[in-house]
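Per the working numbering, the sequence shown starts with residue 4, numbered consecutively.
Since the hints were derived computationally from the structure, they do not count as laboratory data.
Note that the structure is a prediction, hence the values are computed from the model and not measured.
Glycine included, C-beta positions come from ideal geometry on N, C-alpha and C.
Fair warning: there could be bad hints in the mix.
Stated by the list, open to error - Pairs of lysine-lysine residues, derived as BS3-like cross-links and limited to a Cα-Cα distance of at most 27 Å, are as follows:
| # | residue 1 | residue 2 |
| --- | --- | --- |
| 1 | LYS60 | LYS95 |
| 2 | LYS60 | LYS225 |
| 3 | LYS60 | LYS42 |
| 4 | LYS42 | LYS225 |
As the list claims (entries may be wrong) - Now the in silico label distances, taken between C-beta atoms and shown as ranges:
| # | residue 1 | residue 2 | range |
| --- | --- | --- | --- |
| 5 | LYS95 | SER157 | 42 to 48 Å |
| 6 | VAL181 | PRO150 | 35 to 41 Å |
| 7 | LEU97 | ASP182 | 15 to 21 Å |
| 8 | LEU119 | PHE248 | 39 to 45 Å |
| 9 | ASN94 | TRP40 | 35 to 41 Å |
| 10 | ARG262 | ASN171 | 49 to 55 Å |
| 11 | VAL158 | LEU119 | 25 to 31 Å |
| 12 | PRO245 | TRP219 | 37 to 43 Å |
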Amino acid sequence: MSKKRKKKQKATETQQADADDKKPRAKQEFGQWALGWLKSIVIALVIWFFLQAFLIKSFRIISDSMESTFLVGDWLFVNKALYGAEIPLTNKHLPAIREPRAGELIVLTGIEQPVLTIVKRVIGVAGDTLEMRADSLFRNGDYVPEPYVQHVDSVAFMDSMQRQRSRNWQLPHLVDTVDRDGYLPDLRNWGPFVIPADHLFTMGDNRDSSHDGRHWGFLPRKNLLGRPIFIYYSFDRNDWRPLPFITAVRWNRVLRRPR
């Protein structure tokens, strides 16, 4: 074999060896790249789970019971840490930063339907004496202005069954001066009663269209999920334009802090 052919053959063998060597290196590099991305995704999911479980949760308004503080189509961020976040898969809570106060907005799990998450306003806390006279609120004997409240249906009422149900849960908590025999509360007149320990009393701001504590009673403290921080997105789903989540965004509500 001539020197020229030997040289050519050697070059071909060298190229083949290089090609064979590049294949496992390419696989190794791809594996390292895929593993890096997988780690990043797992870390992101863990962080998101931690934030959702203990710090901040997203919440969407689906009813008009809190108008005009919240509108249907508002999306909120909720501070879960403030009142003590629940530890997932347990019935225990982390220590609260502070306790809820009268007048604050809260997010809670429902009494009648525990699978529901709803937003209401704290009207009173444990130990408070509450009374409603002709739609005017009195807390511990003092009149409480409620500028956030709206009334849209002056003829809204409780039927006889609802009034009897409200009477039943209120009776054990009424103050001694109330005539229990003739007591029959309605939407606009009730009390005075005292809120028991480890409970709150809540109502919606849209008083004529809110199913709230007047119907189902006191809210156990453990049902508290958090406090709304701000509205991060809002759109009018009943707008006539197509794709309302794009074309009917309420920009004037974005980043609004509810009070």
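Inset, instruction - Quick one: which hint numbers does this structure break? Sort them smallest to largest. - result: 4, 6, 7, 8 and 10
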